[in-house]
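A.B. asks: Sequence:
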Amino acid sequence: MKASLILGVIVSQLSLVKGECLPQVDLGYEIHEALKYNETTDLYTFSNIRYAQPPIGDLRFSAPKPPTGRNHVVQKGNGSIIMCPQGSPGWGSANADFGHAFINGNLSDYNYTAEHAAQELTTKKNAQTVLELPQTEDCLFLDVVVPRAVFERRNSKAKKAPVLVWMHGGGYIFGYKNDVVDATDPAGLINASRSDGSDGFIYVSLNYRLGAFGWLAGPSLEAANGTANAGLHDQHLALQWVQKNIHLFGGDPKKVTLSGLSAGGGSTVHHITAYGGKKGPPPFARAFINSPGYFPIGSNFQAENITQYFPKFLNASTIEQARKLPARALMEANVAHTSSVETNFVYGPAVDGDFVPALPGLSLLSGNFHKNIDLLLSQTRYEGGEYSQPFVRTDGDFKSLLHQLYPGIVDEVANIIIKDLYPGKGAVRTIDFMGDSIFACNTNWLARAFSNQTYNMQFNISPPFHAYDESYIWKGYGRNNFGAPVIESLASTWQGYITNFIKIGNPNGRGLPPFPQQGQNASANILTPEGIITGQDSTAGHRCEWLQKGLFV
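Residues -19 to -1, 1 to 534 (mature numbering (1 follows the signal peptide of the UniProt record, and there is no 0)) make up the sequence shown, in order.
These aren't lab readings, by the way, just hints derived from the structure by calculation.
Treat the hints with caution; some may be incorrect.
Label-pair restraints from in silico Cβ distances [unchecked claim]: (1) S381 with I485: 45 to 51 Å; (2) A308 with K106: 52 to 58 Å; (3) D7 with A98: 55 to 61 Å; (4) Q434 with I514: 19 to 25 Å; (5) Q224 with G348: 22 to 28 Å.
Within a straight-line C-alpha distance of at most 27 Å, the following computed BS3-like cross-link-like pairs (lysine-lysine) qualify [claimed, not checked]: (6) K484 with K225; (7) K259 with K530; (8) K141 with K57; (9) K400 with K380; (10) K456 with K484; (11) K57 with K225; (12) K106 with K293; (13) K380 with K406; (14) K259 with K46; (15) K259 with K352; (16) K225 with K140; (17) K259 with K225.
Quick caveat, the model's predicted, so the values are computed rather than measured.
Just so it is clear, CB atoms sit at the ideal spot from N, CA and C, and this is done for glycine as well.
Throw the hints in and build the complete structure from the sequences for me.
C.D. replies: Take a look at the structure:
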């Protein structure tokens, strides 16, 4: 379980701290000293830099505010683990095991009744484990990892370094900026970026509020003077911090690539469509979006249902009452709420008429988004592989699932999904539906909105499930999430594409196979065990075009 792994790495992370003659940066509101310098990777790490005031008291459930005043004590980060309050999903092993049985051709051996019983026990155990994690509401911090050569010329007239800002995944309910379970140690990718003799790029990772702390929305929240999608506002404030301060580390604020996996990728999509593209230029020039994911919450009805249900876990009746309760009580309620649902993660970005004026697919379809952005998009072949719904046996079961996910769906729309878009028998079709509607179609909508002038990659190495490409992006060696060896030559090529894109907005470069833009034939570079081939993007077609209209939400 992810929570157990996080607990297991805390000690090892703390053991890396080294504090001899380390550099300092004056941020105005504080002086921050590097936590460590790694002689092997030649990287400085500035850890736990505050980018917002503690989101407590009146700021709980509200938009964040930047730090004020001046802290005269030099901040060092101290190597401590800082994570926002975590949730625990109510689904997991039963869904994932069905996907693996499918990909391995062993569906006849899959026993949903037994799997579901085991999952219920695991869910209860995981919920308790999550509450033992070192979480705090005062969690809005970020890290900066910078190559020594880049940092040492920060005050010269030399060209500043490009910047990668990474937002973690976790279904908008779990994860944090040092999420080692996602293999997001930047050293491997930074090292790959220096293979051409350059100094590399600066890496920034950030925390943002999760679950009920960051993703409430709807009239009840507004009545309590809260801010819908506070997590998006956290991310935006962190991006503004980068624009204001990254030059102090040797970075170029005009060469920022925003990136993220899953919820981090889905958040990036929302920053591209933020305010319908009508509120200033975006605080980034490029975006590398990896398996972008979110459950579409497109109506006040949906958002209000979630927001009104949360206080019930607190024996409270309003959000205003919840705001005044102790943090521990809210953490327990957050875990109870997120673990009570077996079909989704409960929370995520919701249409609010402001930051999120419409579902991103609709904003992209209508041209209401930030347009001058270079895009590198990636997905796996079966994004829904571990997000299947094994209880679906019949069309009636499928309709029941749709009503659970989208309470406002009408039968006419549900029948189109069941009979026209995803026909068939059994639960296998839910792999495609969940994969398309939550993850994969987002890349299709982006590509078409940008006139197919995007670079699209697809991971198709078994099992080609959501997030199973992470070892190819970050480490480039060892084993993937499934325990299979990483094909290092392919990982090296993929890293080459990514680092070129971070530097110049184009993945092509010396020694790499050609990477064409998608174009009108919807091409994609496909990562296979045999090598990289150019083929058709699997998201191209009528399914994603229909889902983009949001009629089912």
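A.B. asks: Which hints from the list above does the structure break, by number from lowest to highest?
C.D. replies: Those not satisfied come down to hint 2.
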